[in-house]
Amino acid sequence: MTQIILYISTAMERLGTSTTVAEVKEKDAKGLIRRNLDNHPLKDTVTVPDGGYTVVRFGANNPGKE
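For the sequence shown, position 11 (counting from the first letter as 1) is numbered 11 according to my numbering, and the numbering increases by one without interruption.
FYI, nobody ran anything at the bench for these hints, they're computed from the structure. Glycine residues also receive a C-beta, built at the ideal position from the N, C-alpha and C atoms. The reader is advised that the hints may include incorrect statements.
Unchecked claim - Beta-carbon label-pair distances, calculated as ranges:
{"id": "1", "residue 1": "50", "residue 2": "10", "range": "16 to 24 Å"}
{"id": "2", "residue 1": "56", "residue 2": "18", "range": "29 to 37 Å"}
{"id": "3", "residue 1": "37", "residue 2": "61", "range": "18 to 26 Å"}
{"id": "4", "residue 1": "63", "residue 2": "22", "range": "26 to 34 Å"}
{"id": "5", "residue 1": "63", "residue 2": "18", "range": "19 to 27 Å"}
{"id": "6", "residue 1": "56", "residue 2": "22", "range": "17 to 25 Å"}
{"id": "7", "residue 1": "46", "residue 2": "25", "range": "30 to 38 Å"}
{"id": "8", "residue 1": "36", "residue 2": "65", "range": "27 to 35 Å"}
{"id": "9", "residue 1": "63", "residue 2": "17", "range": "39 to 47 Å"}
{"id": "10", "residue 1": "64", "residue 2": "17", "range": "20 to 28 Å"}
Sequences and hints are given; from them, build the entire structure.
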């Protein structure tokens, strides 16, 4: 059975030509990544800008491994 997973893209930004994960985490820790949690589109594909980031949010229904 094919299952389509829908998610919301809450934030996306192009920062520069070479961006590190540490730079994105630092920006997030400072509260500089604004998330759109109210009026967001549902998507089934994601685009990550060159030198940037995309924040996605999705619901999972598996309990995980304990």
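Could you see if the CB distance from residue 36 to residue 65 stays within 27 to 35 Å? For residue 65 against residue 36, whose Cβ atoms are near 32 Å apart, the range 27 to 35 Å holds.
Do residue 46 and residue 25 keep their Cβ atoms within the hinted range of 30 to 38 Å? 19 Å, violated
Holds or violated: 18 to 26 Å for the Cβ distance of residue 37 and residue 61? Cβ of residue 37 to Cβ of residue 61: about 20 Å, so the range 18 to 26 Å holds.
Measuring from beta carbon to beta carbon, are residue 63 and residue 17 in 39 to 47 Å? 41 Å, holds
Outcome for the supplied range 17 to 25 Å, where the beta carbon pair is residue 56 and residue 22: Since the Cβ atoms of residue 56 and residue 22 sit about 20 Å apart, the hinted range of 17 to 25 Å holds.
In this structure, is the beta-carbon distance linking residue 63 and residue 18 contained in 19 to 27 Å? Violated, at about 39 Å.
Between residue 50 and residue 10, is the Cβ distance one that fits in 16 to 24 Å? Since the Cβ atoms of residue 50 and residue 10 sit about 20 Å apart, the hinted range of 16 to 24 Å holds.
Does the beta carbon distance between residue 64 and residue 17 stay inside 20 to 28 Å, or does it fall outside? With Cβ atoms ~37 Å apart, the hint is violated.
Range hint 26 to 34 Å: satisfied by the CB atoms of residue 63 and residue 22? Holds - the Cβ-Cβ distance for residue 63 and residue 22, about 32 Å, lies within 26 to 34 Å.
Range hint 29 to 37 Å (beta carbons of residue 56 and residue 18) holds or violated: 22 Å, violated
The structure does not agree with the numbered hints 2, 5, 7, 10 stated previously, though it agrees with the rest.
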